[in-house]
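Asks: Residues per chain, in single letters:
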Amino acid sequence: MRQRAALYAAVAAGGFRRYATYGTATAAGVFTNTVFGFILAYTYIALWDERPGLGGYDQAQALTFVWVSQSLLAAGSLIGGGFQEEMQERIRTGDIAVDLYRPADLQAWWLAADLGRAGFQLLGRGVVPLLAGALAFPLALPVDPVRWLLFLVSVVLALVVGFAVRYLVGLSAFWLMDGTGVNMMAVVVTIFFSGMLLPLTVFPGGFGEFVRTLPWAAMLQVPLDVLLGKNAGAGGAAGALGFQACWALVLLGLGRLVQSAATRKVVVQGG
Amino acid sequence: MAEAVAEAGAGVAPGAPEVPGVPGAPEVPERSRALEGVRGYGLIVAMWIRSTMTYRTSFFLATFGNATVQLLDFVAIYIMFSHVEALGGFSLPEIALLYGSCSASLGLADLLLGNTDRIGVRVRDGSLDTMLVRPVPLLAQVAADRFALRRLGRIVQGLGVLGWAVWALDVAWTPGKVLLVPVMILAGAAIFAAVMLAGAAFQFVAGDAAEVQNSFTYGGNTMLQYPPTVFGKDLLRGVTFIVPLAFVNWLPALHVLGRPDPLGLPGWVGYLSPLVAFVAFLPASLAWRAGVRSYRSTGS
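Protein sequences appear in the order of chains S and X. The numbers in the first sequence follow the working numbering, run straight up by one, and end at 271. The numbers in the second sequence follow the working numbering, run straight up by one, and end at 300.
These are computed hints drawn from the structure, not numbers from a lab. Incorrect hints may appear among the rest.
Computed beta-carbon distance windows for the label pairs [unchecked claim]:
1. S/Ala97 x X/Leu272: 41 to 51 Å
2. S/Met177 x X/Arg124: 51 to 61 Å
3. X/Arg33 x S/Leu123: 15 to 25 Å
Sample of chain S residues with no beta-carbon within 10 Å of chain X, all distances over it, derived [what the hints assert, rightly or not]:
4. Ala6
5. Ala27
6. Gly29
7. Thr43
8. Leu47
9. Glu50
10. Arg51
11. Asp99
12. Leu100
13. Asp178
14. Pro204
15. Pro215
Here the structure is a predicted model, which is why all the values come from computation and not from measurement. Cβ atoms here follow ideal geometry from the backbone N, Cα and C, with glycine treated the same way.
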C-alpha cells in the first residue's frame, strides 16, 4: 500500500516537473489568460451595468468569476489539452499495451500524472492572471481562510471530475482510433456546461437548473460558487463538495467499466 | 476564397528563405519562387486532406465541433440578450454582424495558415531542420503544416450568423456598404494572417510561445465580437494604431451600421482595411525573414 502511494506520488511529481520544464509556454499561457480576462471583464461590466445582480452576482462577483475562471482554465484542461490526447496517441500506436503491462493501475497512473500537471498549472498559470485581475478590477475575493480552504478542496474535486470525463474521452480511441472529433466535442460540451462561457446561474429557467446538475458544473461553476460564498453556511458548502464527490465517484467507476471493456478487445501484435 | 489564397501566396514570396548550406543553388527568379511556394503549399494541403479523410467519422465530428465551439460564443451573446435589450448600446443583429464577420475572417486565416503557431514545437523538436532542406519555401511548409480542413466549420458558422445579421438589420444599403461586407471579411482574414505570421516569427526568438499569438488572434476575435463601446479607450487605441485589429471588422462594420467610431475617426476609414492589411504584412514578413535568419538548430 505504501509502495503504491509512493509510486503514484512519483508519477504525479513527474507530471508536475514535466510541465514546469516549459517556462516560455507557461509565460505565454499566462499572457493569454490575462488578455482573455481583460476582454471578458469588459464585456461582463457592460452586461452587469445593464442588469445589476444578474445570476445572483453583483459586478465585483461577476468579475471575480471571470478572473478565477481564467486561473482555473489551464489546470482543469477546460479548453482542451491534458493527458487524453497523449493517451489516444498511445492507443493508436499500440504503446498502450506497454502501459497495461506495467505493475500499476492504468486509471490511477493517468490520474496521478494529470493531477501533477494540474498542480503545476494551478500555480504556474493561475496565480499571475488572478493577481493581474485583482490589481485592475475590484474583485470580491474572500478574506476568510476557511472559504479559501473549502475552495481548494472544491478545486481538487473539480480536477478529479474533469479527469474522469477526459479519461472516458481518451478511452474512446479504443473504438474510434482517432480522437480529434471526440476531443473537439468534449471541449464544446465542457465550455458550454462548465460555466466558462457564462456563469450557469445566468442560463435561463429550467434549462439553467438542469445544467447545474450535470458533471460539468462540478468542474468550474461549483468551485467558483464555493469561493464566492454562494452556498451559505457549512451545510451549503458540504452540499456543493458532496455534489462534486458524487460525480467524481460515478465517473471514475464508469471509467473502470469502459476500461475493462476496452482492454478485453486489445490485441497485441508482434512476437 | 481565391483572393485569400492569393493573399497567403503573397505572404509566401517575401518570406521564402534562402536554403542554407546549399551553395551554388540555381538562382530562382522571385516570381517563380512565389509560384513554387503556392504549388508546394497546394501539394502539402492536398496530402493533409487525404490523411484527414482516412478517419472520416472523426473528421465530420471535428468539423461539426469546430463550428459548434465557435458558435457557442454567439450562444453566450444570445443568452446575454435574453436578459438585456442592448449591450454597449448595440442590438443583437448589430452584434451578430460584428460576430459573423470576424468569425469568418479568423476562420479563413486559420484555415489557410493557422498552424504556423506550431513552429515553436518544430523548433523545439528539431523537425524544422527537415523543412529547411526540402525544396519548398519554408513559409509554404509551415503554413500548410497539418492543414486542418475542419476549420471550414468556423467559417461556415460565421457566414451563417453574418447572413442572419444582414437579413435582420435595418440598414440603408448603398453599393459601397454592400461591397464593404465581403471586403471586410477578406481584409480581416489578411490582417489576422499578418498577425499569425508575426507570431510565428516571434517564436523563433521566444521559443514555444504559440499562446501569445493565440491571444492576439483568438483573443482578438473574442474582443471583436463585442461592440467597441464596451471597451476602454486605451484598448481601442492599441488595437487601432498598434495591432490594427480594429480594421478587421469594427471600423468597416461601424460604417455599415452608420455609427460613429468611439475614437472619432471618420467613416471612410472603414474602407481602409485592405490597405491596412497590406501594410501589416510588411513588418510581419520582415519579422519572419529576420526570424528564419536567426534560426539556430537545436542540434541532434
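Asks: Hints broken by the structure, by number, lowest first?
Replies: The structure conflicts with hints 1, 2, 3, 5, 6, 7, 8, 9, 10, 13 and 14, although it agrees with all the remaining ones.
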